[in-house]
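**Student:** This is what each chain is made of:
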Amino acid sequence: MALLFVGAALINNILLTRFIALCSFFGISNDMDTSVGMSLAVIFVMVMASTATWLLWNVVLAPLGVGEFLYIPAFILIIAALVQFVEMYLRKASPALYRAMGIYLPLITTNCAVLAAATEVAKPGFFKMNMAYSYGFFEGLVYTIGVAAGYGFALVSFTALRERLETAPVPAALRGIPMAFITAGLLSLGYVGLGGLFGL
Amino acid sequence: MLVLKAVLVLAALGAFSAALLATAARRFHVDVDPKVELVFEALPGSNCGACGNPSCFAVAERVSAGSLKVDTCVAGGQSVADALAKVLGVTGVEVEASVSVLHCGGGTRSARSYRYSGLHSCNAVARLAGGPLRCPAGCIGFGDCARACPFDAIIMGDDGLPIVDLEACTGCGICVRECPRAGSHHLLELLPVATRVVVRCSTRERVKERRESCPVCCIACKKCEKVCDVDAIVVVDGLAVIDQALCTACGACIEECPQNCIGRIDQGACAAEVSA
Numbered sequence: 001m002a003l004l005f006v007g008a009a010l011i012n013n014i015l016l017t018r019f020i021a022l023c024s025f026f027g028i029s030n031d032m033d034t035s036v037g038m039s040l041a042v043i044f045v046m047v048m049a050s051t052a053t054w055l056l057w058n059v060v061l062a063p064l065g066v067g068e069f070l071y072i073p074a075f076i077l078i079i080a081a082l083v084q085f086v087e088m089y090l091r092k093a094s095p096a097l098y099r100a101m102g103i104y105l106p107l108i109t110t111n112c113a114v115l116a117a118a119t120e121v122a123k124p125g126f127f128k129m130n131m132a133y134s135y136g137f138f139e140g141l142v143y144t145i146g147v148a149a150g151y152g153f154a155l156v157s158f159t160a161l162r163e164r165l166e167t168a169p170v171p172a173a174l175r176g177i178p179m180a181f182i183t184a185g186l187l188s189l190g191y192v193g194l195g196g197l198f199g200l
Numbered sequence: 201m202l203v204l205k206a207v208l209v210l211a212a213l214g215a216f217s218a219a220l221l222a223t224a225a226r227r228f229h230v231d232v233d234p235k236v237e238l239v240f241e242a243l244p245g246s247n248c249g250a251c252g253n254p255s256c257f258a259v260a261e262r263v264s265a266g267s268l269k270v271d272t273c274v275a276g277g278q279s280v281a282d283a284l285a286k287v288l289g290v291t292g293v294e295v296e297a298s299v300s301v302l303h304c305g306g307g308t309r310s311a312r313s314y315r316y317s318g319l320h321s322c323n324a325v326a327r328l329a330g331g332p333l334r335c336p337a338g339c340i341g342f343g344d345c346a347r348a349c350p351f352d353a354i355i356m357g358d359d360g361l362p363i364v365d366l367e368a369c370t371g372c373g374i375c376v377r378e379c380p381r382a383g384s385h386h387l388l389e390l391l392p393v394a395t396r397v398v399v400r401c402s403t404r405e406r407v408k409e410r411r412e413s414c415p416v417c418c419i420a421c422k423k424c425e426k427v428c429d430v431d432a433i434v435v436v437d438g439l440a441v442i443d444q445a446l447c448t449a450c451g452a453c454i455e456e457c458p459q460n461c462i463g464r465i466d467q468g469a470c471a472a473e474v475s476a
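Line by line, the protein sequences give chains A and B. For the first sequence, position 146 matches number 146 in the working numbering, and the numbering has no gaps at all. For the second sequence, position 69 matches number 269 in the working numbering, and the numbering has no gaps at all.
Since the hints were made in silico from the structure, they are not lab data. Among these hints, one or two may not hold up.
[Stated by the list, open to error] Partial list, derived from the structure: chain B residues whose beta carbon lies under 8 Å from chain A:
id, residue
1, K205
2, S217
3, A224
Predicted, not measured: the structure shown is a model, and the values here were computed from it. All residues carry an ideal CB built from backbone N, CA and C; glycine is no exception.
Given only the sequences and the hints, what does the whole structure look like? Please build it.
**Tutor:** The following block contains the structure:
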């Protein structure tokens, strides 16, 4: 389980090794408060979404034999509905939390990282985690939390670098997004270098 | 058969999701007070936090509930207070607007105690032996205040001093809190918008040391005090202080000051004044 977590969070980091969800990675990494909020929201939504899609795959799609070609629309539908549901629930039950997460929750509906993690939990192989069998429920949960933690860690460390770069003497032509891409590339090299750790 | 099965599965999922959301929409329905929404629309929406509240929505809720005053929004000034008063049916709300004023004329002309190359942040360098300036109250000039200003009311001049756009400044006080010198030396200070003449020095060092560290310092010669007909300017603890309530902005002290450390902050004239 620990290896599964480390593999999902660091070695197969969804942002810097698999290059998924880069839109949010570059879009909200200007401000530390925002990226911490986004990271927490992603952990929350990803766990909810993966639980729902694991059940959907194992209870409905796989037994009926329609999963192979139907899983993407079915998962998108379930994730979108779930996020909307959680948003409504939070607004009623915890207005303070709703106000803190409110901006990010609808955005995460379209975050490809959530779909990618849910897909991997239901159909192992996408992230090449060398899983010879399907994830059990708790394995899927640990894996999802690992992916979300990896997303959060990469996002927060990248934000810290970008905040530092704001005051660094960067050539005018490279200021802003170009420098962010160069930094992300170098950070990515570091993550790719973790490949082979613990034999993963 | 497979196609039919897929269509049925997808239709069932769609129906399930729709039912879930419809039930949730009814079960978790939240009534928002229309007054709160009207108040929220009247606020600037910048979430600057200058009023001490976490967001404009929180202010809208508290103002509507009567636990905050109508003139709470510091950044909004009189226009927002009037708009809120209209929504809430209150009359006679007067807001005393203020602007951010710099008490330093040194900038790049000030003497340095060491050469600094590192993070371009006043807050960072102020922690290194009090900063690179010989004057412990001088403006460091890395522009933390300009970066912090949510209204883009501050730009950094060529002389290393911030220039406050008095029309854009809302008096929210964020720059004052960001400036490492503001707390101890009142380098940046919020003054009433009617302020017209200010002293461009805030140091409390001995005069001999001031002279060595900055050519634009107040030397406590008291010439301004003597020339002022309305007794609006007094030298206290070796530093000229202007009583804004008495000052008529006649300009006599500005002309008399041998150090050129008294200046006007009239709208539009500020940039020329600071960089002169």
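**Student:** Where does the structure disagree with the numbered hints, that is, which hint numbers, in rising order?
**Tutor:** Failing hints: none at all.
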